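Participant: Next come the chains, spelled out residue by residue.
There are 4 protein chains.
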Amino acid sequence: MLSAEDRVHPAFARLPPWVQEKLSPKAIDYIRRVHHWVETECVPAERVVKAQLAVNKWKTPPLIQELRVKAKKEGLFNLFLPKSFGDLSPGLTNLERTMNCHAPETGNIELLAKYCNEGQKQKWLLPLLNGETSSAYSMTEPDVASSDATNIACRITRDPKDPDTLVVNGRKLYGNVAWNEDLSVYILMACSDPENPDPWKRHTTIIVPKPTPGFRIVRNLTIMGYDCAPEGHGEYIYENARVPAANIILGEGRAFEIAQGRLGPGRIHHCMRLIGQTERAYELALIRATDPRKKPRGKLIGEFDSNIERIAAMRIQLDSMRLVVLNAAHTMDVHGNKSGRYAIAQSKIIVPEMAANIIDECMQMYGGQGLTQHTALPEMWMYARFVRIADGPDAAHRHQVGRDQLKTAAAIKGRHDGYAKRYEELCRTWGVEKEEFA
Amino acid sequence: MLSAEDRVHPAFARLPPWVQEKLSPKAIDYIRRVHHWVETECVPAERVVKAQLAVNKWKTPPLIQELRVKAKKEGLFNLFLPKSFGDLSPGLTNLERTMNCHAPETGNIELLAKYCNEGQKQKWLLPLLNGETSSAYSMTEPDVASSDATNIACRITRDPKDPDTLVVNGRKLYGNVAWNEDLSVYILMACSDPENPDPWKRHTTIIVPKPTPGFRIVRNLTIMGYDCAPEGHGEYIYENARVPAANIILGEGRAFEIAQGRLGPGRIHHCMRLIGQTERAYELALIRATDPRKKPRGKLIGEFDSNIERIAAMRIQLDSMRLVVLNAAHTMDVHGNKSGRYAIAQSKIIVPEMAANIIDECMQMYGGQGLTQHTALPEMWMYARFVRIADGPDAAHRHQVGRDQLKTAAAIKGRHDGYAKRYEELCRTWGVEKEEFA
Amino acid sequence: MLSAEDRVHPAFARLPPWVQEKLSPKAIDYIRRVHHWVETECVPAERVVKAQLAVNKWKTPPLIQELRVKAKKEGLFNLFLPKSFGDLSPGLTNLERTMNCHAPETGNIELLAKYCNEGQKQKWLLPLLNGETSSAYSMTEPDVASSDATNIACRITRDPKDPDTLVVNGRKLYGNVAWNEDLSVYILMACSDPENPDPWKRHTTIIVPKPTPGFRIVRNLTIMGYDCAPEGHGEYIYENARVPAANIILGEGRAFEIAQGRLGPGRIHHCMRLIGQTERAYELALIRATDPRKKPRGKLIGEFDSNIERIAAMRIQLDSMRLVVLNAAHTMDVHGNKSGRYAIAQSKIIVPEMAANIIDECMQMYGGQGLTQHTALPEMWMYARFVRIADGPDAAHRHQVGRDQLKTAAAIKGRHDGYAKRYEELCRTWGVEKEEFA
Amino acid sequence: MLSAEDRVHPAFARLPPWVQEKLSPKAIDYIRRVHHWVETECVPAERVVKAQLAVNKWKTPPLIQELRVKAKKEGLFNLFLPKSFGDLSPGLTNLERTMNCHAPETGNIELLAKYCNEGQKQKWLLPLLNGETSSAYSMTEPDVASSDATNIACRITRDPKDPDTLVVNGRKLYGNVAWNEDLSVYILMACSDPENPDPWKRHTTIIVPKPTPGFRIVRNLTIMGYDCAPEGHGEYIYENARVPAANIILGEGRAFEIAQGRLGPGRIHHCMRLIGQTERAYELALIRATDPRKKPRGKLIGEFDSNIERIAAMRIQLDSMRLVVLNAAHTMDVHGNKSGRYAIAQSKIIVPEMAANIIDECMQMYGGQGLTQHTALPEMWMYARFVRIADGPDAAHRHQVGRDQLKTAAAIKGRHDGYAKRYEELCRTWGVEKEEFA
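Chains as they are written, first to last, in the UniProt record's numbering: chain A, 1 to 438; chain B, 1 to 438; chain C, 1 to 438; chain D, 1 to 438.
Check before you lean on any hint, since a few could be wrong.
[As the list claims (entries may be wrong)] Covered, in the sense of this in silico footprint (three residues per stretch, anywhere, with C-beta under 8 Å from a C-beta of chain D), are these stretches of chain C:
| hint | stretch |
| --- | --- |
| 1 | 286-296 |
| 2 | 302-315 |
| 3 | 322-335 |
| 4 | 352-358 |
| 5 | 393-399 |
[What the hints assert, rightly or not] Label pairs and their in silico Cβ distance ranges:
| hint | chain 1 | residue 1 | chain 2 | residue 2 | range |
| --- | --- | --- | --- | --- | --- |
| 6 | B | 159 | D | 197 | 57 to 63 Å |
| 7 | D | 433 | C | 10 | 29 to 35 Å |
| 8 | B | 430 | A | 240 | 18 to 24 Å |
Hints listed in this document are in silico derivations from the structure and should not be mistaken for laboratory results.
Keep in mind the model is a prediction, meaning the values are calculated, not measured.
Note that beta-carbon positions come from the ideal geometry of N, C-alpha and C, so glycine has one too.
Chain A with its partners taken away, still in its complex shape (with noise of 0.2 Å):
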């Protein structure tokens, strides 16, 4: 249980309740460290890093270097592998999570310690988790609706000469840029069995390694403008690349096997660290509302009753995305990724837009300063859009949970049906006549 004096800790202090509670004195201990670690080593750094990224723009920046080292050391590395992976893992749930850790890597990381053997483990996932590779995930495609992952049309066919070799032809949008000196690997998703009846097992996820003949890159797709370095967001081509078939994870065909087990907790970890940014944001708007040199006529910007309501306004929807997220978390934790589906895509469709709009609001408090590099809340913002999208759009996600809800309406027509019949029976007793309405 946490002290009266964690409660009010910053690390603390936004939990509700019932979250509180349930942190086990291993989470107390990891989260007041990641918070110091955060507050002491990341924040601080954001601007070294850059001026490093200035000079290679295409290499994890040697700070970065360092403070993995250092992580390591400390025991602050790979927090967010749940407890079924054993030894793996740190053993805390997806609620005690509450530290940011990037994308993909995670969910890349994930994937590969779920579906990979032995061997690819060895060669793959070691390096990944050591930090010193980092990896890239291929499935979005500019030629077709690639958010119905069906219409995937980057071709796997077996080299007709060399069975054991794979040839991939097709085009792909996001996953790193290879470019990152870093990057060690794509995990692709196309399609093997284009005729297969069922359209759930026509695609394949096989690890193509880089470099790899007949692999690459077009541009780096900027957001937003943002170059994103080192990751960067990769357009690439596959041109009769080939791959060893000892590639291929989980096996042919089970490639949407794999992709449900790693959105599931991706999305939530992409949710997390909106939170967060946006506390962030929301505090520099705190900071700027009382800041004694902003006084447009007389007043600081936090006196003016107008910014008084949109301060409460963003901590208000701030706490109640967190809800939701904590929430989501939660119901992972405790019935699996599967039935927290409903819960992931209800964080997925809320968080991601109402942190964007946060976070605008915080600018437009900064005045002219708010969109220049002054403070990192362009960045945050570009963050926040791209999540809508990443992932899948917001209407894609409600289209799912609306057609879910759907199936629902005949258990509740058969409730209402029973009102009816009931109305009828208290009609007859007090004497009153039914009315009828279409």
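Following the hints, position chains B, C and D against chain A.
Facilitator: Then chains B, C and D, alone, in the frame of chain A:
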């Protein structure tokens, strides 16, 4: 713990896992029974009640009276009093009470139970607890901005010739209408000591029985056109109204102490009711969306993907506002009403507006019928709209939250100054030039 | 041209310059007189009319009857008929008629004037033009999705034994209530030829006089709780109702032709009324904001900068929706109702929703009183909400506009292909490598 | 007058009839030619310009330079100057100029043309009119709330030893970046007389040539990550910068006079550009919606009725904001910039926010590609977002409008008091009891 079967029962299925876990066996039993009660005794009775009201508008309808008798027999009456009320309470936490209980009765009963002396309780509280009479809360005034309650101007003076008699003068809005035959009492907040230097000690709360000489009803206030009979919303005048001084609650000048205690839980009760109503509106929308008779352009309403998205959006918002209210209830259980102030305000700001919007969308799905008496939707909307103003408009609550938040800015600024200092260190360490931002 | 003095007169001041320029001397005179009429005869009479309705709900109140006589004497009756109606018209353009004229009378009169034969006009139109009787439009049905009017199922057949008599069977919603003593006639749209291969030729419009054997009222539909007496909104049944075949308007199977002609201007009239009502709501908000009795936290409501911003937002939205409606009226004047279809839909989609939101904000500024009969705000809101559904819900209109817009995509694509070709030329000219995007 | 053919030409088709009617033959000719120019010379050249900027970021790209020469030859250069500028003007009204002209050049040229003496015009204005140099406007400051321009603190003093020389000290944000080789001049607003009792007479506007000793650029401000080269947005310091006193514009203490003249039309120009950009974003959305390669769940994006509704909503909003801007332009033409103040503010508040929302929706329709450089959408969004802050944030404009509106309350109250008096008369006439409301 809930059984697997219970977990999908409509009475429990919408509760998040962290709430399901916390339900005591007693609460599970109550919820199951109350759910059945509502499904079989309340919802189907609505139109019968309306028919009985058409015969006698200002009298609790016979069906309701009978239901009260039955509810008492089944132990489902007065479930809302929290554990701190001892024998009067069924022993349920705020979190566990997910059933409806009507305003202003709950708030008034809680007020009387908490602040009255024994004699007052015998005389006024017991008949209310028995459902034999009903009560009104008399606070709002037309002539001042009473959302800032220090402005309340209705005057209580002592009769100089008879100091045991209070003389009341003023005009009030809201508080039920005395035309209701069952109304027995107004709980009046008025100004007894306007010169007191402490504005929070100028007001006194007294019990005004019905009838009282000098008290008269001006009109019943309709809410968006609804008369809300038999309770109504009164507009009335105290003109030299004479009330025994023994009817002072808690003591002179202590009205704000009482008001604080009353309004917190009352706001959450309003929100709980709204969640129940909005669920019902949502169910009606699902039924409409699958009504085989309604096929614009040849498709069911629920086959249009725009409506599929709308249904998802409603579901997701509804569940997020439930999380907010459940968290507020739990926060009050764990930390008390006062510490729960923020969580209560969060509910009060989010829920009525969101509920009104969802119900409005449901009405729109019903087309021309949606605004008529064919469904309960318009009345449900009216109640949601009413709660956006009742117990203070949104803006007043946002103002309070915003001002509290701004008090946290200094500590946050301190942490951010820490970032700046650490950034300077890192610049030196890494040989990077420090950037200056205005 | 307007004089400088006229330009700041409340009757003209809100009109944009391009509209002020277009007003004929006749229109200027009419507007000035109608404005005076509304200010002195209509607005102040509202509560008197309500008092008279309380005495006899289903009868045009005596004050209104007297006003009609006076209006005729002053030449202010039936101002709405456009120039194309010859002597029946006062010769004003759509743009020039900025005064209120009530639905469904305007639409029905226009329909009868446009499509009836002389005998029908003598019998049914003249008493309406004289304001001696009133009329209803009977289209919506409870059993089908009648927003798609091809679904209308109410049946007209010929009596096989008496081919001069039509037999009608069906249930309708909306169309005023026959309880109104002054109602003389229903204009009914129903299905006469369900097997016709052209779905736009299956329906016929007929005049159903009151009383007609086989016609009966089920109930008055309340709109958000309001009974809208004395006109009301009826729910009624045609059960072997017998109507002379001479009452067919324009010809069998021509109902859609008639409906098109009726609904366009009717929608703009609704929007015009809403602008007038919203202006009035806005004026009430300004009065409240400067009411010296209302000082929450010691300041006038209009001294809070949050409210200053709200007032500005309302003003700006109100004027932008006026520009939309005036443009639609002018487009109809210049290019006809059919070419004005898009501009009409633009008004119908934007105005009711925006008006309802503005009025809602005004109610909120009034605090507890805002939802009651203390002002006309709740009724104005109800009318705005009603119009969001009347003559088709927003979504149906958006659907129509969206489909029309998608037809323009091919031409736009052609222009963009031109850009691509020209880009290639420029690449060659400037020696720049062409970028390929998927 | 437009021919029937012209009316459906893309250059004119979106103009409302009242604007089409007002176009002079000269304007029709200009618009037709400018439309062709934009379609063939500008839009297709965008990526070539980007490629040239990649080679030399801080220099007007050669293609642009050539376009300027061509534009001059075709008489399409400097079209924006209004008729009052005599020979400098092509004689078009605000209403007629629907083409793009870039900021801050238009505003600066207008300022110099209006307020400079002949010598200043020769030296600074002519090269700008010829497109040989470019200019910056230097107003915003990081250290004060400069949206309230009376706070501007950058100091101008006279050198006591050399009174013909001004000494400037201060830090500024915005105003293009001096790295642009073509930038010749900053138009600086600064404080020259801080003790003047009239706060509107404390500031002076001067021309600061480039280079000026004591002036230095700190950095280029990125806007949402974009560098906006070659113009950029500078952050820069005046540190004892020395400027000849002959560079004072209009006279000491007259900066506000100048600022007023500059900002009105500048705001409308921003809004005009945004409408053009949003139209283009909309066209891209239509093309995406009908792209045969994009078929999520087997249907074109434009076959989902949710997207059909989104397209309609975008179209309708776009056209409503065009009506607002055209009305503002016309109001300025007819009544002057000062009387047009409200209409300008209406545009400035409505257009940037609505444009950003529409472009955001278009990006979302593009899925993963929508946020990348595959289209111009992200840059267009960035410009719209920028304009929500440029020349003052929304809230500042709403504040100004709201305060002006509140001044009208007294007259409105007078009219409403008239209603009350007349109501009393009517009560007497009709024998109805007058209702009293608080």
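Participant: Hint by hint, where does the structure go against what was stated? Just the numbers, ascending.
Facilitator: Checked against the structure, the hints that fail are numbers 4, 8, while the rest are satisfied.
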